[in-house]
Amino acid sequence: MESADRKDIAACLNGDKNSYANLVRRYEKQITKLMWRFSRDPRVCEELVQEVFVEAYLSLSSYRGEAPFLHWMRRIGSRVGYRFWKQQAKAKSTVPLADFDAIETEAVDKVDPSVAAEILHSLLAQLPRADRLVLMLMYFEKCSTKQIAEQMGWSRAVVKMRAFRARRKLKTIAERENLWEKLGWIH
Amino acid sequence: MDTLRAFEKLAKQAQGEKVPSFDVTAKVLQRIRFEEAESAGIVAFELFASISAVAASVVGYFSIGALRSVTSPLMQFLTPLQEVRIW
Numbered sequence: 380m381e382s383a384d385r386k387d388i389a390a391c392l393n394g395d396k397n398s399y400a401n402l403v404r405r406y407e408k409q410i411t412k413l414m415w416r417f418s419r420d421p422r423v424c425e426e427l428v429q430e431v432f433v434e435a436y437l438s439l440s441s442y443r444g445e446a447p448f449l450h451w452m453r454r455i456g457s458r459v460g461y462r463f464w465k466q467q468a469k470a471k472s473t474v475p476l477a478d479f480d481a482i483e484t485e486a487v488d489k490v491d492p493s494v495a496a497e498i499l500h501s502l503l504a505q506l507p508r509a510d511r512l513v514l515m516l517m518y519f520e521k522c523s524t525k526q527i528a529e530q531m532g533w534s535r536a537v538v539k540m541r542a543f544r545a546r547r548k549l550k551t552i553a554e555r556e557n558l559w560e561k562l563g564w565i566h
Numbered sequence: 004m005d006t007l008r009a010f011e012k013l014a015k016q017a018q019g020e021k022v023p024s025f026d027v028t029a030k031v032l033q034r035i036r037f038e039e040a041e042s043a044g045i046v047a048f049e050l051f052a053s054i055s056a057v058a059a060s061v062v063g064y065f066s067i068g069a070l071r072s073v074t075s076p077l078m079q080f081l082t083p084l085q086e087v088r089i090w
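Chains as they are written, first to last, in the numbering used here: chain A, 380 to 566; chain B, 4 to 90.
In short, the hints are calculated from the structure, not lab data. Misleading hints may appear alongside valid ones.
To give an idea of the chain B side of the interface with chain A (calculated C-beta under 10 Å), a few residues [stated by the list, open to error]: (1) Phe-10; (2) Glu-11; (3) Ala-14; (4) Lys-15; (5) Gln-16; (6) Glu-20; (7) Lys-21; (8) Asp-26; (9) Val-27; (10) Ala-29; (11) Lys-30; (12) Arg-34.
Below 30 Å or equal to it, Euclidean Cα-Cα: the simulated DSBU-like pairs (lysine-lysine) are [to be verified]: (13) Lys-12/B - Lys-465/A; (14) Lys-15/B - Lys-550/A; (15) Lys-550/A - Lys-21/B.
Cβ coordinates follow ideal geometry from the N, Cα and C atoms, glycine included.
Turn these sequences into a full structure, and let the hints steer you where they fit.
Written out as structure tokens, the structure is:
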């Protein structure tokens with residue numbers, strides 16, 4: 380896969396845009412999954428995915444090939460997504476946590492994945508965007524503090540501090556909303 | 004249950020969510036062409052602006068030189084009158 384990436388990137392830098400189409404098709408699923416974490420509106424998510432690929436094309440000459448192409452793309456994706464959050468108003472389209480009363484009777488392991496994702500999205504949306512981004516990348520994208528620091532151009536100490544602060548805030552929010560009781564996860 | 008453990012559990016379940024799929028290839032290529040056309044237009048404009056600035060500088064330089072050689076246009080008109088004897 381990586382040699383195919385290098386071949387397409389080289390062709391693209393020589394002016395062959397169709398080679399870039401190959402790269403788009405190869406990675407649009409992974410980038411869509413990432414950008415879905417930034418917006419759960421399909422229309423907005425699609426726009427963000429497009430923006431990631433356009434930005435990647437315009438800065439393709441800066442790709443040095445030290446890391447896999449997907450890692451480089453994900454870095455751009457995180458920054459595009461973070462910028463998107465910056466542009467949004469503070470009180471955006473979050474789902475009130477009270478709407479999840481319906482899942483009270485569900486067994487612990489049978490909460491629908493999309494419902495679980497919606498709950499998390501609502502919880503995280505109540506955090507400052509930098510803290511939100513750190514936890515989102517940690518829990519959804521399984522990124523380490525080092526990877527997050529590299530992606531966003533922050534120091535590792537800042538990432539750790541934000542993660543600590545975010546988890547503490549999240550605990551306060553979840554306890555205030557009695558979330559774990561609603562989910563039936565506390566007996 | 005510890006809050007963070009519960010959160011991790013929720014995150015693990017959320018991983019199984021089906022994410023919508025898009026085909027953005029055509030739109031991406033269209034946007035790239037548009038961006039490139041726009042930047043080409045900007046480059047042409049900047050080139051025109053640069054050439055205009057250079058031309059204006061050259062004209063300005065020679066204009067100042069010419070202006071310095073004329074002491075006062077009004078005096079040139081009056082000086083012949085001063086030399087005329089009126090009596």
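Subject >> Ascending list of hint numbers which this structure does not respect >> reply: Hints that this structure does not satisfy do not exist here, as all of them hold.
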